[in-house]
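Protein chains in written order, with this note's numbering: chain A, 1 to 96; chain B, 101 to 196; chain C, 201 to 296; chain D, 301 to 396; chain E, 401 to 496; chain F, 501 to 596; chain G, 601 to 696; chain H, 701 to 796; chain I, 801 to 896; chain J, 901 to 996.
These aren't lab readings, by the way, just hints derived from the structure by calculation.
Please read these numbers as outputs of a predicted model, since none were measured by experiment.
Don't take every hint at face value.
[Said to hold, decoys possible] The calculated EDC-like cross-link candidates involving lysine to aspartate or glutamate, where the alpha carbons are at most 16 Å apart (straight line), are:
| no. | chain 1 | residue 1 | chain 2 | residue 2 |
| --- | --- | --- | --- | --- |
| 1 | F | 539 | E | 495 |
| 2 | C | 239 | D | 395 |
| 3 | C | 280 | D | 378 |
| 4 | D | 339 | C | 206 |
| 5 | I | 880 | J | 994 |
| 6 | G | 639 | G | 657 |
| 7 | G | 680 | H | 714 |
| 8 | D | 380 | C | 206 |
| 9 | J | 980 | J | 906 |
| 10 | J | 939 | I | 895 |
| 11 | F | 580 | E | 406 |
| 12 | J | 980 | I | 806 |
[To be verified] The calculated label-pair distances, taken between Cβ atoms and stated as ranges, are:
| no. | chain 1 | residue 1 | chain 2 | residue 2 | range |
| --- | --- | --- | --- | --- | --- |
| 13 | A | 13 | C | 292 | 38 to 48 Å |
| 14 | I | 894 | J | 988 | 47 to 57 Å |
| 15 | A | 29 | B | 193 | 44 to 54 Å |
| 16 | C | 259 | A | 37 | 14 to 24 Å |
| 17 | F | 575 | A | 13 | 43 to 53 Å |
| 18 | C | 212 | B | 172 | 22 to 32 Å |
The beta-carbon is built from N, C-alpha and C at its ideal position, and this holds for glycine as well.
Number of protein chains: 10
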Amino acid sequence: MLTMVEMNVRIPLDFDKEEAERLKASEKERFQELQRAGKWRHIWRVAGHYANVSIFDVVSNAELHDVLTSLPLYPFMEMKVTPLCRHPSSIHNDDR
Amino acid sequence: MLTMVEMNVRIPLDFDKEEAERLKASEKERFQELQRAGKWRHIWRVAGHYANVSIFDVVSNAELHDVLTSLPLYPFMEMKVTPLCRHPSSIHNDDR
Amino acid sequence: MLTMVEMNVRIPLDFDKEEAERLKASEKERFQELQRAGKWRHIWRVAGHYANVSIFDVVSNAELHDVLTSLPLYPFMEMKVTPLCRHPSSIHNDDR
Amino acid sequence: MLTMVEMNVRIPLDFDKEEAERLKASEKERFQELQRAGKWRHIWRVAGHYANVSIFDVVSNAELHDVLTSLPLYPFMEMKVTPLCRHPSSIHNDDR
Amino acid sequence: MLTMVEMNVRIPLDFDKEEAERLKASEKERFQELQRAGKWRHIWRVAGHYANVSIFDVVSNAELHDVLTSLPLYPFMEMKVTPLCRHPSSIHNDDR
Amino acid sequence: MLTMVEMNVRIPLDFDKEEAERLKASEKERFQELQRAGKWRHIWRVAGHYANVSIFDVVSNAELHDVLTSLPLYPFMEMKVTPLCRHPSSIHNDDR
Amino acid sequence: MLTMVEMNVRIPLDFDKEEAERLKASEKERFQELQRAGKWRHIWRVAGHYANVSIFDVVSNAELHDVLTSLPLYPFMEMKVTPLCRHPSSIHNDDR
Amino acid sequence: MLTMVEMNVRIPLDFDKEEAERLKASEKERFQELQRAGKWRHIWRVAGHYANVSIFDVVSNAELHDVLTSLPLYPFMEMKVTPLCRHPSSIHNDDR
Amino acid sequence: MLTMVEMNVRIPLDFDKEEAERLKASEKERFQELQRAGKWRHIWRVAGHYANVSIFDVVSNAELHDVLTSLPLYPFMEMKVTPLCRHPSSIHNDDR
Amino acid sequence: MLTMVEMNVRIPLDFDKEEAERLKASEKERFQELQRAGKWRHIWRVAGHYANVSIFDVVSNAELHDVLTSLPLYPFMEMKVTPLCRHPSSIHNDDR
Numbered sequence: 001m002l003t004m005v006e007m008n009v010r011i012p013l014d015f016d017k018e019e020a021e022r023l024k025a026s027e028k029e030r031f032q033e034l035q036r037a038g039k040w041r042h043i044w045r046v047a048g049h050y051a052n053v054s055i056f057d058v059v060s061n062a063e064l065h066d067v068l069t070s071l072p073l074y075p076f077m078e079m080k081v082t083p084l085c086r087h088p089s090s091i092h093n094d095d096r
Numbered sequence: 101m102l103t104m105v106e107m108n109v110r111i112p113l114d115f116d117k118e119e120a121e122r123l124k125a126s127e128k129e130r131f132q133e134l135q136r137a138g139k140w141r142h143i144w145r146v147a148g149h150y151a152n153v154s155i156f157d158v159v160s161n162a163e164l165h166d167v168l169t170s171l172p173l174y175p176f177m178e179m180k181v182t183p184l185c186r187h188p189s190s191i192h193n194d195d196r
Numbered sequence: 201m202l203t204m205v206e207m208n209v210r211i212p213l214d215f216d217k218e219e220a221e222r223l224k225a226s227e228k229e230r231f232q233e234l235q236r237a238g239k240w241r242h243i244w245r246v247a248g249h250y251a252n253v254s255i256f257d258v259v260s261n262a263e264l265h266d267v268l269t270s271l272p273l274y275p276f277m278e279m280k281v282t283p284l285c286r287h288p289s290s291i292h293n294d295d296r
Numbered sequence: 301m302l303t304m305v306e307m308n309v310r311i312p313l314d315f316d317k318e319e320a321e322r323l324k325a326s327e328k329e330r331f332q333e334l335q336r337a338g339k340w341r342h343i344w345r346v347a348g349h350y351a352n353v354s355i356f357d358v359v360s361n362a363e364l365h366d367v368l369t370s371l372p373l374y375p376f377m378e379m380k381v382t383p384l385c386r387h388p389s390s391i392h393n394d395d396r
Numbered sequence: 401m402l403t404m405v406e407m408n409v410r411i412p413l414d415f416d417k418e419e420a421e422r423l424k425a426s427e428k429e430r431f432q433e434l435q436r437a438g439k440w441r442h443i444w445r446v447a448g449h450y451a452n453v454s455i456f457d458v459v460s461n462a463e464l465h466d467v468l469t470s471l472p473l474y475p476f477m478e479m480k481v482t483p484l485c486r487h488p489s490s491i492h493n494d495d496r
Numbered sequence: 501m502l503t504m505v506e507m508n509v510r511i512p513l514d515f516d517k518e519e520a521e522r523l524k525a526s527e528k529e530r531f532q533e534l535q536r537a538g539k540w541r542h543i544w545r546v547a548g549h550y551a552n553v554s555i556f557d558v559v560s561n562a563e564l565h566d567v568l569t570s571l572p573l574y575p576f577m578e579m580k581v582t583p584l585c586r587h588p589s590s591i592h593n594d595d596r
Numbered sequence: 601m602l603t604m605v606e607m608n609v610r611i612p613l614d615f616d617k618e619e620a621e622r623l624k625a626s627e628k629e630r631f632q633e634l635q636r637a638g639k640w641r642h643i644w645r646v647a648g649h650y651a652n653v654s655i656f657d658v659v660s661n662a663e664l665h666d667v668l669t670s671l672p673l674y675p676f677m678e679m680k681v682t683p684l685c686r687h688p689s690s691i692h693n694d695d696r
Numbered sequence: 701m702l703t704m705v706e707m708n709v710r711i712p713l714d715f716d717k718e719e720a721e722r723l724k725a726s727e728k729e730r731f732q733e734l735q736r737a738g739k740w741r742h743i744w745r746v747a748g749h750y751a752n753v754s755i756f757d758v759v760s761n762a763e764l765h766d767v768l769t770s771l772p773l774y775p776f777m778e779m780k781v782t783p784l785c786r787h788p789s790s791i792h793n794d795d796r
Numbered sequence: 801m802l803t804m805v806e807m808n809v810r811i812p813l814d815f816d817k818e819e820a821e822r823l824k825a826s827e828k829e830r831f832q833e834l835q836r837a838g839k840w841r842h843i844w845r846v847a848g849h850y851a852n853v854s855i856f857d858v859v860s861n862a863e864l865h866d867v868l869t870s871l872p873l874y875p876f877m878e879m880k881v882t883p884l885c886r887h888p889s890s891i892h893n894d895d896r
Numbered sequence: 901m902l903t904m905v906e907m908n909v910r911i912p913l914d915f916d917k918e919e920a921e922r923l924k925a926s927e928k929e930r931f932q933e934l935q936r937a938g939k940w941r942h943i944w945r946v947a948g949h950y951a952n953v954s955i956f957d958v959v960s961n962a963e964l965h966d967v968l969t970s971l972p973l974y975p976f977m978e979m980k981v982t983p984l985c986r987h988p989s990s991i992h993n994d995d996r
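Using the sequences provided together with the hints, build the complete structure.
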């Protein structure tokens, strides 16, 4: 089941730089683990912003909630969640 | 070059039903042509709405403009255009 | 899987009264069918408005989309869709 | 008398962690007390957010105000209050 | 139980003038009936607008809904409903 | 001359508790003084919020400005000011 | 007593041209009458819009309401009303 | 050339009181200098707010920018700038 | 003196096609006349929209108003006007 | 390929003045480098604001993202990105 999540990351200007780097490295690791598992299907940068557009493929809203709230940068993110479904006209099987 | 386009279709309640069907068929045909050409990379329905989230892969803003404004349902659509770029953490080559 | 849908019904002032009544009767019938099937778990009127707050229990976003877009009054509705999940503190089993 | 309350919890990033845990435990306790008393009829998590959608069953706006403002996490919450009433089409007696 | 209702009246420019006058006369009659019954406690014009701020005193949200939706001008009104309660500092008994 | 003022009070989470209590006590005293003088005609709590809806009866905008900006909690308030006038249909003399 | 009123005029595209001209001439006449009487103190065009910023000098909100709602173009106007008062720093007596 | 500027002053609650008084005195002095020079044509308080509506008469946008950004309270102000021009119906020569 | 104007063109779906073409041709002619005169310094399409971003170079707000309101498509345009001035860092003389 | 970027700079009131000056000098240097290279085609001040409207000429969204996020003042900027393309009516070759 597909869901679009738009994430804006807002780390305060005076946040500890080293801690921020640790969190970003940890976020990247967790992201790639989820991407390899097929749960985080797509991710793109929004040009000019510290933000991304992501497509998740999960079995339920509950799984989506667990995945999102366990992200290392979650406390710094504003999220917009949009439930999607396969478009009847698509010829691609993996736009499920 | 990737761009997200969110399209809302608003056909007036009193619009001619047959003409609407002709336009939708023609839209589907044009969409699949663009999808086969690799220009309309992804499309998903927004659950509960006559709307979609789409990812385009075009060489320039000018090509994007030509593709969008030539859609048969274009006069009925509200569009939001968001320029994207590859995310540095992605492990998928085709999230370019 | 639970989803909240907030529906606003906007029938144009000059819409045919009899046709509106037919659509409302048909909407009520379809609603009760879905309520009996357990898919439309809750519905409440928003005080002072021709609007409701509803809780759906469906297996996927795709099922939600099919249920909503097949409602007789769908073309007159503005919808806001909010994915929900069970709250960890709830003591009620059916707030799943 | 039913009312929907949408609650967003915003605890500052630098708020004392232990104090936050104490407040959350105390919030959960108070919530379950109100749920058992039948006043807090339903609660659901909003997927991806530290937020909930709740349905209260109280005798008056005054009781609602007292219940909400006495919550341990109240100072950290943004609330949206929507008065509801029974929907005439509902076949469930407890959607009163 | 008190509720504030802000009403904006929007009668289309081309609506039949005589019918509009009939509806306004009927609205005024119904309003005064409700005012005499103590249910429509206060009403004020918003300066410069065809709009009012009103305070209702009803036993429940359901009664409020019935009162509002039965107004002759209801189909032309946009409403904003705000649940109120007595302010603890007030020295007036009728600001209940 | 009547004016509606909607006041939201936002005292920072880390503001000194004792100072806040002194300001609230002082605010209540000033409020009751103005209410007795007939200038602060009505006040109601907005259910679920640290906010009120108030009706002022002053001779001019200048008097309104002086009354509002001299409130002890004024620096913590967000205000929305709406000029009102007597509604022609009202049967109450004091809804002037 | 001063009030700023921002007026946007929206005459429908298909409105009768002659009737529009009659209304505009009548609006101008009424405006100049009010300007000569000192009630409509200032008026300026908003560059690029069929809109104006106006300063009224009236004895009460009620007089303002009567002046505004009796304008020939009133049914086509969107208005924003902002109560003003003399600024303590002004050295001009007529910025009262 | 006329321009309306709406200024909201937001001095942080914990800003040094003496420094704030110095800035306000300095702001008033600079304001009156500009008012005497005819550049700051009008100023009015917005009732209930630490805000003003002002009309500037400058030779260009560049002069407006220099005047505004050199105000002592500029770093604390939110500004909305609206270009105006003489209204063709005005009978006052100085509403130029 | 530079001003940015963002123009959205909204021609109703049922507007006469031939008349629309005549207006567009006439708009193009007027635009190029103004561009040659140096008053309409720049124009760009907004990708995906029937809209443009334009930079005007005029002597006053009054001239800007006359230029904009005399455009053949003006009645179908929504405009946003932003006063600009030369940026102190620019090395281009014509970004005046 | 052209893109409009609107930048608002918000440096906190208590940010170190010297560090701010260093960042601004460094921003100016980087800006002029990009302007000389033809990538930052135009820049204008927004009158009355610490903000600019800029036109970039880059080969892709990715290049735009790299250019913007590497600006010394980037962490203090709010950005709005609008993809543009050549307008078919323009007679200037460099409005490409």
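Tested hints:
1. F:539 <-> E:495: Holds. Residue 539 of chain F to residue 495 of chain E sits at ~15 Å (cutoff 16 Å).
2. C:239 <-> D:395: The given pair, whose Cα atoms are some 15 Å apart, holds under the 16 Å limit.
3. C:280 <-> D:378: Violated - the C-alpha atoms of residue 378 of chain D and residue 280 of chain C are around 19 Å apart, more than 16 Å.
4. D:339 <-> C:206: It is violated: about 22 Å lies between the C-alpha atoms, which goes past 16 Å.
5. I:880 <-> J:994: 24 Å, violated
6. G:639 <-> G:657: This hinted pair holds, its Cα atoms lying about 5 Å apart.
7. G:680 <-> H:714: Roughly 34 Å between the alpha carbons, so the hint for residue 680 of chain G and residue 714 of chain H is violated.
8. D:380 <-> C:206: Holds - the C-alpha atoms of residue 206 of chain C and residue 380 of chain D are around 14 Å apart, at most 16 Å.
9. J:980 <-> J:906: It holds: about 5 Å lies between the C-alpha atoms, which stays within 16 Å.
10. J:939 <-> I:895: This hinted pair holds, its Cα atoms lying about 15 Å apart.
11. F:580 <-> E:406: Roughly 14 Å between the alpha carbons, so the hint for residue 580 of chain F and residue 406 of chain E holds.
12. J:980 <-> I:806: 14 Å, holds
13. A:13 <-> C:292: 38 to 48 Å: 44 Å, holds
14. I:894 <-> J:988: 47 to 57 Å: 23 Å, violated
15. A:29 <-> B:193: 44 to 54 Å: Roughly 20 Å apart at Cβ, these two residues miss the hinted range, so it is violated.
16. C:259 <-> A:37: 14 to 24 Å: Once the Cβ atoms are compared, 22 Å apart, the range 14 to 24 Å for residue 37 of chain A and residue 259 of chain C holds.
17. F:575 <-> A:13: 43 to 53 Å: 25 Å, violated
18. C:212 <-> B:172: 22 to 32 Å: Given about 26 Å between the Cβ atoms, the range holds.
Of the numbered hints given earlier, the model fails hints 3, 4, 5, 7, 14, 15, 17; all others are met.
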